[in-house]
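*Asks:* Residue-level listing of the chains:
Protein chains: 2
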Amino acid sequence: MEISAALVKQLRDQTGAPMMDCKKALLESKGDFEKAVTYLRQKSLATATKKASRTASDGLIAAYIHPGSKIGVMVELNCETDFVARSNEFTEFTKNVAMHIAALSPLYIRREDVSDQVIEQEKSIYHEQAKDSGKPEKIWEKIISGRLEKFFSEVCLLEQTYIKDDTRSIQDVLNDLIGKLGENISIRRFARYQLGESLPQ
Amino acid sequence: MEISAALVKQLRDQTGAPMMDCKKALLESKGDFEKAVTYLRQKSLATATKKASRTASDGLIAAYIHPGSKIGVMVELNCETDFVARSNEFTEFTKNVAMHIAALSPLYIRREDVSDQVIEQEKSIYHEQAKDSGKPEKIWEKIISGRLEKFFSEVCLLEQTYIKDDTRSIQDVLNDLIGKLGENISIRRFARYQLGESLPQ
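Heads up: the protein sequence lines correspond to chains A and B, in order.
Residues in the first sequence are numbered consecutively from 1, following our numbering.
Residues in the second sequence are numbered consecutively from 1, following our numbering.
Since the hints were made in silico from the structure, they are not lab data.
Treat the hints with caution; some may be incorrect.
A pair holds if it fits inside one copy or across any two, identical chains being indistinguishable in the list.
Said to hold, decoys possible - Cross-link-like lysine-lysine pairs, in silico, BS3-like; alpha carbons within 25 Å at most:
hint : residue 1 : residue 2
1    : K135      : K150
2    : K24       : K123
3    : K131      : K35
4    : K70       : K9
5    : K131      : K30
6    : K70       : K95
7    : K164      : K150
8    : K95       : K180
9    : K123      : K30
10   : K131      : K23
Using the sequences and the hints given, assemble the complete structure.
*Replies:* Printed below as a string of structure tokens:
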């Protein structure tokens with residue numbers, strides 16, 4: 001069996017185990033990465049604390065705590081170089097995104113993150129609403145898709161209207177920034193905490 | 001036995017416990033200051049368990065962004081009243097917990113949060129390690145349970161050694177605070193972001 005050098009390196013980066021042991025672990029586990037990690041730990045060559053393997057290359061972590069400290073947001077924005085990460089435009093935008101999330105409580109970053117189950121649920125609700133509206137059945141589909149678009153624009157961060165400029169979406173502002181700074185920039189993840197809210201099980 | 005008012009005051013200043021409790025602690029410990037501190041801490045612990053069922057209805061959200069903005073932590077701490085939430089001790093502890101999480105990367109708050117699957121996986125690794133150690137089979141169980149305890153103390157926030165006092169765990173510091181402020185206090189949730197780390201699928 002062939003084990004790629006890239007996979008060996010990735011295992012080494014994550015576990016800190018010597019290169020030869022990483023290769024052996026991958027051979028033993030037939031290329032299964034998680035099994036190779038377990039193998040290394042069994043042989044005491046790797047510790048439980050995982051080293052984070054890096055994917056995005058640079059960026060910033062920022063937080064916004066709303067006055068009163070009952071609402072907080074943390075966000076990760078990625079770019080390609082430390083130079084851009086430290087630029088005024090990028091740090092300013094990162095801060096503003098955190099503040100925007102505190103104000104507008106998005107649930108997702110993009111519509112692709114919304115599960116099929118949630119979309120089906122929304123559609124069935126809009127279907128009932130269309131039926132009840134008394135409008136002709138031939139326009140129900142249009143009503144449903146219109147409401148679904150509205151739903152996305154309310155719950156997906158990138159589609160929300162930017163709090164600092166109500167003529168543009170977050171995606172618009174992000175696109176401008178990408179053009180201006182000449183690097184790929186993405187909002188990778190966020191967490192929004194509201195004091196005492198019930199937590200998902 | 002006579003307990004001097006000065007000693008009672010000193011104990012009160014150090015522990016923040018009510019005057020009468022300090023006097024009682026010193027009487028119980030026959031004037032031994034350290035024993036009296038221990039007595040009061042034991043009492044705080046009793047208070048903690050007694051109050052555990054009360055719902056925490058107030059608290060704070062706080063964040064700590066490590067210089068360089070590549071690591072960030074957000075945390076929610078709960079208490080019972082806004083009065084305690086705004087106290088110096090509570091706000092200070094909340095900040096310190098966020099900083100502690102940034103430094104020590106816990107994966108869980110308490111050991112009850114670790115899934116059975118993870119525990120079984122760890123046990124199987126320690127079993128292999130014990131087998132490989134060449135030590136007699138009759139002590140394998142002891143080796144395994146010892147390593148599991150160590151694992152919990154590394155990955156569970158409450159069991160970690162507090163970064164600002166390496167003689168105490170976060171749970172110890174939390175218990176002291178509960179005793180001092182007289183309210184149930186809990187660390188409810190946290191998020192720790194490290195720039196570019198791979199995300200769970």
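*Asks:* Next step is simple, just say for each hint if it's right about the structure.
*Replies:* To see whether the hints hold, each was checked on the structure:
Taking identical chains as interchangeable, the C-alpha atoms of K135 and K150 lie at most 25 Å apart only when both belong to the same chain, with a minimum of 19 Å there against 66 Å between chains. In this assembly of identical chains, the alpha carbons of K24 and K123 lie at most 25 Å apart only when taken from different copies (23 Å versus 46 Å within one copy). When the C-alpha separation of K131 and K35 is checked against a cutoff of 25 Å, the pair qualifies only between copies, where the shortest distance is 19 Å, while the shortest distance within a copy is 44 Å. Proximity of K70 to K9 under the C-alpha cut-off of 25 Å is restricted to the inter-copy arrangement: shortest distance 23 Å between copies versus 44 Å within a copy.
Taking the closest pair of Cα atoms, K131 and K30 come within 25 Å of each other only across two copies (23 Å); inside a single copy the shortest separation is 51 Å, beyond that limit. Taking the closest pair of Cα atoms, K70 and K95 come within 25 Å of each other both inside a single copy (18 Å) and across two copies (14 Å). Proximity of K164 and K150 under a CA criterion of 25 Å is satisfied intra-copy only: 20 Å inside one chain copy versus 49 Å between copies. In this homomeric assembly, K95 and K180 come within 25 Å of each other (Cα to Cα) only inside a single copy, at 18 Å, whereas the closest approach across copies is 36 Å.
Taking the shortest Cα distances, K123 and K30 sit within 25 Å of each other only across copies (23 Å), while inside one copy they are farther apart (44 Å). Taking the closest pair of Cα atoms, K131 and K23 come within 25 Å of each other only across two copies (23 Å); inside a single copy the shortest separation is 55 Å, beyond that limit.
In the structure shown, no violation is registered for any of the earlier numbered hints.
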